[in-house]
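**Student:** Top line first, the protein sequences correspond to chains A and B. Under the working numbering, the first sequence has 33 at position 26, and the numbering climbs by one with no breaks. Under the working numbering, the second sequence has 49 at position 42, and the numbering climbs by one with no breaks.
The set of hints was computed from the structure by calculation and includes no laboratory data. It is possible that part of the hints are untrue.
To be verified - Selected chain A positions facing chain B (Cβ under 8 Å, derived; list incomplete): (1) G15; (2) A22; (3) A114; (4) S155.
Positions of the beta carbon are idealized from the N, C-alpha and C atoms, including for glycine.
2 protein chains.
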Amino acid sequence: MSADSVPGVFLSPAALLEHWQGHRRLTRRVIEAFPEDKLTSFSVGGMRPFGVMAVELLRMAVPTVKGVLTGDWSESVSPEARPKPETLRLWDESTKDLNALWRQIPAARFQETVKAFGQYEGRACDLVMYVIDNEIHHRGQGYVYLRSLGITPPPFWERQ
Amino acid sequence: MSADSVPGVFLSPAALLEHWQGHRRLTRRVIEAFPEDKLTSFSVGGMRPFGVMAVELLRMAVPTVKGVLTGDWSESVSPEARPKPETLRLWDESTKDLNALWRQIPAARFQETVKAFGQYEGRACDLVMYVIDNEIHHRGQGYVYLRSLGITPPPFWERQ
Chain A
8 MSADSVPGVF LSPAALLEHW QGHRRLTRRV IEAFPEDKLT SFSVGGMRPF
58 GVMAVELLRM AVPTVKGVLT GDWSESVSPE ARPKPETLRL WDESTKDLNA
108 LWRQIPAARF QETVKAFGQY EGRACDLVMY VIDNEIHHRG QGYVYLRSLG
158 ITPPPFWERQ
Chain B
8 MSADSVPGVF LSPAALLEHW QGHRRLTRRV IEAFPEDKLT SFSVGGMRPF
58 GVMAVELLRM AVPTVKGVLT GDWSESVSPE ARPKPETLRL WDESTKDLNA
108 LWRQIPAARF QETVKAFGQY EGRACDLVMY VIDNEIHHRG QGYVYLRSLG
158 ITPPPFWERQ
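If we strip away everything but chain A, and leave its shape as in the complex, we get (with noise of 0.2 Å):
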């Protein structure tokens, strides 16, 4: 028998929650390093501006830890751009939902198939992995937006 048939833990949902919202630290500070017009306005090669990107996180974060909890899909934020102390606010609203949130997940409901949205269907587990690795993809295009401007991004490292 090898080693990768003996169920064990690389991750436990505490963790992983932990790595997620020290992710979300470091995009919170990505957002604040923009100036308050560059937020909604700048792009590199014709791609949305990072204001447009932080409320897409915004708009998958919470509301998939909320259908994996209840299997109530909706969203609650709109699409678009918020100014930036709107953005943030936002942001450290999520952070609270999240840890409410997660806290309540049985850890066997991650690695259940669900449906999002009524339409992406995988294992809880891949779905919420999906969400941190849309923030992460999409915060170092932040980090491109940032050097265009000028602006030396936050440490990716740092996460406190």
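Got chain A; can you put chain B on it based on the hints?
**Tutor:** Just chain B now, kept in the frame of chain A:
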């Protein structure tokens, strides 16, 4: 007792490897999408060309997994960018090496504290996550480079 104090599995070691190799298939397609000369020369905002970032990813992936397994943290790939065919060849070699090494790591090892490359101390699972996060981060930057070159990047959600 709250749900997050109950031990449980979010991702098993086998699920994490599958997730990572999915990301690595996508990153390979991003390397392939660059015109040969642009891979090692083009960048935005004074950042490194994607070919240099790709070699950084190679220098982190197998060496980290080998280090977690054996305690040997030596690196075997030098940091300079390679021509595209050579980069892809090294990528494919890493894919096989990762699969072979990962299967030998006992699950409990991922919860142990290790010192990576003589300097980065942390739980082995967190070190591995950092390597994957760094890949997603830089690949997102590669997407901006491709868009700036007028090239449509491979779809983010396609991991097969």
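**Student:** Could you run down the list of hints and mark each one as holding or not?
**Tutor:** These are the hints, each one checked on the structure:
| no. | hint | in the structure |
| --- | --- | --- |
| 1 | G15 | holds (2 Å) |
| 2 | A22 | holds (7 Å) |
| 3 | A114 | holds (2 Å) |
| 4 | S155 | holds (4 Å) |
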